[in-house]
Amino acid sequence: MLEIKGLSVSVVGKEILKDFNLSVAAGEVHAIMGPNGSGKSTLSYVLAGREGYDITAGSVSYRGQDLLALKPEIRAREGLFLAFQYPVEIPGVGSATFLKTAVNAIRKHRGEKLYDAMEFLKIMREKRDALGISEEMMRRALNVGFSGGEKKRNEVLQMALLEPYLAVLDETDSGLDIDALKIAAEGINSLRSPERAMIVITHYQRLLEYVVPDYVHVMADGQVVRSGGKELALELEEKGYSGFGDKAEAAA
Amino acid sequence: MAINTETAQTVEALTEERYKYGFVTDIETDSAPPGLSEEIVRFISAKKGEPEWLLDWRLRAYRRWLETAEDTPSWANLDYPEIDYQASSYYSAPLRDEDRPQSLDEVDPELLATYAKLGIPLQEQEMLAGVAVDAVFDSVSVATTFKSKLSELGIIFCSLSEAVTEHPELVQKYLGTVVPYADNYFATLNSAVFTDGSFVYIPKGVRCPMELSTYFRINAANTGQFERTLIIADEGSYVSYLEGCTAPMRDENQLHAAVVELIAFDDAEIKYSTVQNWYPGDENGKGGIFNFVTKRGACRGRNSKISWTQVETGSAITWKYPSCLLIGDGSQGEFYSIAITNNCQQADTGTKMIHIGKNTRSRIVSKGVSAGRADQTYRGLVRVQGKADNARNHTQCDSLLIGEKCGAHTVPYIESRNASAQLEHEATTSKISEDQLFYCRQRGIAEEEAVALIVNGFCREVLQELPMEFAVEAQKLVAISLEGSVG
Chain A
2 MLEIKGLSVS VVGKEILKDF NLSVAAGEVH AIMGPNGSGK STLSYVLAGR
52 EGYDITAGSV SYRGQDLLAL KPEIRAREGL FLAFQYPVEI PGVGSATFLK
102 TAVNAIRKHR GEKLYDAMEF LKIMREKRDA LGISEEMMRR ALNVGFSGGE
152 KKRNEVLQMA LLEPYLAVLD ETDSGLDIDA LKIAAEGINS LRSPERAMIV
202 ITHYQRLLEY VVPDYVHVMA DGQVVRSGGK ELALELEEKG YSGFGDKAEA
252 AA
Chain B
63 MAINTETAQT VEALTEERYK YGFVTDIETD SAPPGLSEEI VRFISAKKGE
113 PEWLLDWRLR AYRRWLETAE DTPSWANLDY PEIDYQASSY YSAPLRDEDR
163 PQSLDEVDPE LLATYAKLGI PLQEQEMLAG VAVDAVFDSV SVATTFKSKL
213 SELGIIFCSL SEAVTEHPEL VQKYLGTVVP YADNYFATLN SAVFTDGSFV
263 YIPKGVRCPM ELSTYFRINA ANTGQFERTL IIADEGSYVS YLEGCTAPMR
313 DENQLHAAVV ELIAFDDAEI KYSTVQNWYP GDENGKGGIF NFVTKRGACR
363 GRNSKISWTQ VETGSAITWK YPSCLLIGDG SQGEFYSIAI TNNCQQADTG
413 TKMIHIGKNT RSRIVSKGVS AGRADQTYRG LVRVQGKADN ARNHTQCDSL
463 LIGEKCGAHT VPYIESRNAS AQLEHEATTS KISEDQLFYC RQRGIAEEEA
513 VALIVNGFCR EVLQELPMEF AVEAQKLVAI SLEGSVG
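Chains A and B, in that order, give the protein sequences. With our numbering applied, the first sequence covers 2 to 253. With our numbering applied, the second sequence covers 63 to 549.
So that you can see chain B by itself, here it is in the shape it has in the complex (with noise of 0.2 Å):
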């Protein structure tokens, strides 16, 4: 609570200085005006109370993204209209207490039947809904009792403005090293306006005991449209890690571009859950999350093991490629992935799996459902380089299609510079036949639980992978994000 003080304090001193060079922001509501310039992005670094050094990074970012302003990626195969960038809001400080809702009276019916639907407890649903709650408040105490013991283990689990500050050794030497600022267009635009996300430490030989999730990561909450994860595991060190969470979260922004940089050495393993469940905006496509996403792992240890597992049922426009550069000898990647698109959803999601060292092993496994008029397209690269002697991928695609306007593809980027590879790709389209639909409700089922039970039997084994917990809530989401698609 200390720092947050200190903070506004300097940030108050800065933003007055600021105001001499023409900008203004209204210190009592704590946001940026729209737009974006390089007077932004130090105005953001100030109200964190940055180092140099962070700021001078998001500044090169800020500059290669005004050279690139031309080049959004236009490969995916997704519709959506320009985003004018001058339009949003880069930085606006978490709600106040008396701007929240005060009880969940106050919020959207219809995001408290999810809830329902979902199974939340009432409190959980308070927390999602953005509810102002007691600092006594069960989950904060569980968080607190939950960081002390890990601490006891040296692992480091708290916000990535808070490592800044606390750990800046590791965070000046892991941050931008698996996703470079200048990456691509999306990776540059957070690189220069990231607000915040985790940051994870696990020391070496450290087997982390819980789930980490920012579920628990209270203080952090309202980080969703710039998110920047880096999560670090030492030598013979283990970590699972969960991002998301199965209820539709409350969130204004529309665009969304995230970060996610993971770093596995000699023997440690990775696994890093997701479930994106993003507004996907109303049956004709209107309003919705626009969720481009950089996530990638880098192996870098001999026998390391980076495992994305993700279930996007959110969102208007997906673009994400979870991806593992193997270049540890006998590092391994994997990428199990659920995406579930209904009425004018899109989305361009796979992985890229890029065989370096020897004995670099890979497996994809992604199940990618369609219902309403939704479009998705499944684009992996498996590439295995010169000297990734005995490397192996095998590769697993299947697409379900729910109805007669929606559409699945599959786009597989396949390369292989060194002979002794072995790359196997397997895929398939299918259909949910009216003979399943008609079976299940000669059985009592009616045709919403029909589709609901039969897409989770064909994403059975994605779902195997998430950790149990998320997994039930998977399941119910599955159903949820289907409602209304037959019939």
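Excised from the complex, chain A in its bound form (with noise of 0.2 Å):
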């Protein structure tokens, strides 16, 4: 599925990805976790293809594609969807409409028929119904005037509907009361399949309670210094960052 080899990103000069490599195939949930600064977001804006960034080493194969090569939209259309940390607001755009616009945008790309307006309400209640997302909300303007909780809902059930089949979550699990991050938690685990894969970044150990991954990457000064099972992340909660290794020290 992806494939990152020897990845190296600087920003404005700054290397922020060092030699960054992962190995992720279809059916794999793999949590990437690490201390502010450690370059997870930075990860997941280069797969989603975010300008500004400089790739000066490496490559990234993308279900046989080279994911590097193709504009964001594209990558979107082949499949690959990131759930942003801080979701941006688009006053005006009504939240239904987005969405539809967006899936509609993806389904022209793989040759699917086009959802009408009725057809896609239709779908859309029954992907909402399930993350416990009112009706008005999606009538409300995309984030505009959302809570924290309503815009990572709302992240997920955009993924519900975009059908991924790589799915990039960016710190999906901060923000959220106990209660919406078990909500959000079960649309994850409900779009797990052996089709598709998930990276999961996240600063703690607690949204791995309920979306239990099969790997843990622990990322600290642009590296994965450490992998292991789930069972990693336990310890990381036990144990902070600082143990894995010098670097991971030092960006703590």
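Worth flagging that the hints you see were computed from the coordinates, not collected in a lab. All values derive from a computational prediction rather than experimental measurement. Quick reminder that beta carbons are idealized off the backbone N, C-alpha and C, glycines included. All clues given are correct.
Away from chain B, derived, C-beta distances all over 12 Å, residues of chain A: (1) 14; (2) 36; (3) 57; (4) 62; (5) 69; (6) 151; (7) 180; (8) 183; (9) 207; (10) 213; (11) 231.
27 Å max Cα-Cα, derived DSS-like pairs, lysine-lysine: (12) B:110 to B:209; (13) A:109 to B:538; (14) B:538 to A:114; (15) A:72 to B:493; (16) A:123 to B:538.
Selected chain A positions facing chain B (in silico; Cβ < 7 Å): (17) 49; (18) 77; (19) 91; (20) 94; (21) 102; (22) 106.
Each chain sits in its own coordinate frame; assemble them with the hints.
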């Protein structure tokens, strides 16, 4: 599914990712943990194709394609989804309208029939009920006046509707209280499937109690400093980021 | 049709007479030679078989125009070359069928591509592109059906020329009473040489059952250059009027100077919606229509209401301030505007709300979008006169910039001579952020489509004011107007 090899990335001359390697197969859930500034969000933006990041070395292969050669919208249409840490507000654009535009853009790319308004509303209703998102919320402008929890649930809803092959969730747990976290986690879990891979970026082990990963990677100073199974997250919870090598300690 | 033959004969007689004054016109092409003179004004009036009073009025306007020739308005934030008024022709009859394109195959493919993007049906495309069509063309019969329905209610909806002949008492009573011929340079020019336009009269207590659209007024399709429209809503009546079209219209005239006058009596309401999409010129600003328009509505009656909604996406130069004179106590004026300028387009547009009666209210919502190297200015006046107790105005003025080379300016004038007035003005200027664009693209939406989506969101409050069918087309138009503005 995803093969990142020797990836080095800088932002305005400062190297953020250094010889970063990661391999993700279909059906797997990988958690990436690490202190602030370790390069987690940079990784998510580079995968999604945001401008302003200089790729100085390495390669990323995604479902047999050179990911880095694709425009952001093509990556999305090819099934790469990023759940944003800070979803952006777009005044005047209804959430449902936005989602329908996105879903149809992706369906068009895949040669599938476009949904009309009625079909789309029906499909959206099923998905949003499961996430406890009200119809009223979908009528509001995208993310405008949404609470932190509403924004994150809306990200999960978008993921559910866009049915990606690879989902990158960037701190989807931050800003959520325990109830909202459980709902979001259920939404994420319901999307786990043998065809779909996920990279869950998080600060805390809390989310991983509900979304249990197959692998956990600890990032520090732009690199994976340690990888292991789900028990690694627990170890982190106990010991903190110290004890994961000098780099992690220095970064923490 | 009988009128046309008659007119033609009269005209033929008259033009022969003019000949001895050294005035030559080729009757075959049916156009006046370039230049503006008293003779041309007389020629236009004669062509249309107008009564003496109207010719006199035109001539007074023409003389006034001569006196003020040095005085073209220079206060607007617009930069354009001096217009040579003697270079253009002031009258040309509609093209005869044999001069028109015979089928869509002969029409500019770029124009057709735009029609396709707007989703305009083939038959309408033919009409818009000026293709010679059969008399049995659907829209014509639709128009006829509509007309008979309207006349049952006593509603008059016809071309202004027709009204001059059929309802001279109404035209004489109201023409020029809201925008006098001496009002401003371009209104004066229009008064002297206007060719045609719409006339609407809604009788007392009648609610016009359909949106009136110039679109259905086939016979006056070729009146773009100096259009003149007069709408009168008698006591307790209501009318919604749609002007223009989302599709770009074929037009060879560079200078447009239209006048629109609206009159609302007691408890009457006029809703006037415009979509202006004249040719904006190429990417470097070459060509393109200069659009100098005077639009004004008089709320003469108590509790009357006039509402202007405009979507301005075309023209190289737009100079336009649809205004309301709130004379009747309790009358209301509204102005909802979207102005989009791209490439080298310039727009100086806004409104005037003149509060004269007591308890008058006005609301202004202006959304300006500037891209490319375009420049636009919102210019608005809210004036509360001494006797306008408890007048209220709320103005909201938002500008959105796309790219680094465009400009947006806001020039609000607020004058209050009554201490009880409550006036509010809000203004914002913002840019489409990288974050917003990236977010949309991450969801599979291409950059241009994302811009269109964000801009439509920005304009939403105004788009909502448009009649349903118009609104859908206007949204597509917003997208098309901004093509090439990013990336």
